[in-house]
Amino acid sequence: MTQSEWPLWEVFIRSKQGLDHKHVGSLHAADATMAIQNARDVYTRRQEGISIWVVESTHVHASNPDDAEAFFDPANDKVYRHPTFYDVPDSIKHM
Amino acid sequence: METVEINLEEQFQARIDADISIEPKDWMPDAYRKTLVRQISQHAHSELVGMLPEGNWITRAPSLKRKSILLSKVQDEAGHGLYLYSAAETLGTSRDQMLADLHSGKAKYSSIFNYPTLSWADMGTVGWLVDGAAILNQVPLCRTSYGPYARAMVRVCKEESFHQRQGFEIMQTLCEGAPVQKEMAQEALNRWWWPTLMMFGPADADSPNTAQSMNWRIKRFTNDELRQKFVDMMVPQAEFLGLTVPDPELQWNETKKGYDFGGVNWEEFWNVVKGNGMCNKDRLGARVKAHEEGAWVREAASAHAKKRARKMATQAA
Ligand SMILES: [Fe+2]
Ligand SMILES: [Fe+2]
Ligand SMILES: [Fe+2]
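Here the protein sequences come in this chain order: A and B. When the letters of the first sequence are read in order and numbered with UniProt numbering, they come out as residues 1 to 95. When the letters of the second sequence are read in order and numbered with UniProt numbering, they come out as residues 1 to 317.
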């Protein structure tokens, strides 16, 4: 390739006030301003959002799927972290 | 080493069989990756080239309302192309590479876009039939095994049904209009019916890759299954419009609860695939021209971004 392509950006959209920004996809753009403008055109043509974040894809670090077991399994046997683990007597209210 | 590989393949297939989606960083067989890159990029190219036959009518739309709608639809198709290119890029190919393959003629796109749009009624037929066929192809892809592809398709499918409805509305308006308008609608149907049936790809007997794709749950239905569904869906809609499907062999078959229909002209299909359709040269020429004429814009934007980054760096220092 003679011309190097524009960097890739990950796009996050807040669909309405009070909700998290959520990853919706990616696009190429020369800089952040253009990435936000393009994200507006591509991902919010039908009022899907009220706020946009863009992050250059090279800045996203991800956990390794090969480590998924070692990484996430320790939470498996800790049911006591959930309220449903505990028996509350019927006569106790508001707990 | 070899047993490890076999083990990975087995685990991979087990995940597929359990309907656990595959994500970019997961191990996958090379052939799975290659099949996906080919299919997704081909799909992306189709969205991109698909803008041309309809773009052809934007300036000549019969009213401001129709013009806004058509413009919006064409803009959606650009978006679809972008979602799909991004999905393909997660497999390790680059946008530049995919575009280069499209422009050199190495990569294919849907043959339907190599047919000309001769009258305004073609805007109706393309939306109603071509987007209708695309929807049938695409809905099962929302559950395809590769995560980024499936997510892109969910987005595409959400936008696609407006495309079909606006096309049907154009047809309905023409069919309820003057006799010449209805005639124009019928002529458009006559021209587009068979090429649309070809959109589902070669007959199952001539589609050797289907079995593997179904096994990997990339595909969920065979070409012939989808083609049959399409005919069964469309014939009543054509009847509603008062139009005649141009197939003398078309007949309801009570035992199979579906229509029997005539044979597709596969010679024509392969001829168009090989590049000899009515518009292949035009379409590719228009793509290459747009890309080349846009080069200075891409370069200028890059230069501008670099300059701004430098300025910010000096300001920070
Ligand atoms: Fe589309
Ligand atoms: Fe499509
Ligand atoms: Fe469409």
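Because the hints were derived from the structure by calculation, they are not lab data. For clarity, every value in this text was computed on a predicted model and none was experimentally measured. Virtual Cβ for every residue (Gly too), placed ideally from N, Cα, C. Hints are supplied without guarantee of correctness; some may be wrong.
Stated by the list, open to error - No farther apart than 27 Å at their CA atoms in a straight line, the calculated lysine-lysine pairs in the DSSO-like style are these:
hint, chain 1, residue 1, chain 2, residue 2
1, B, 256, A, 22
2, B, 108, B, 65
3, B, 158, B, 65
4, B, 158, A, 22
5, B, 274, B, 34
6, B, 229, B, 106
7, B, 158, A, 16
8, B, 229, B, 108
9, B, 158, B, 67
Said to hold, decoys possible - Distance windows between CB atoms, simulated:
hint, chain 1, residue 1, chain 2, residue 2, range
10, B, 75, A, 63, 35 to 41 Å
11, B, 106, A, 59, 29 to 35 Å
12, A, 63, B, 307, 18 to 24 Å
What hint numbers does the structure not satisfy? 1, 2, 6 and 12
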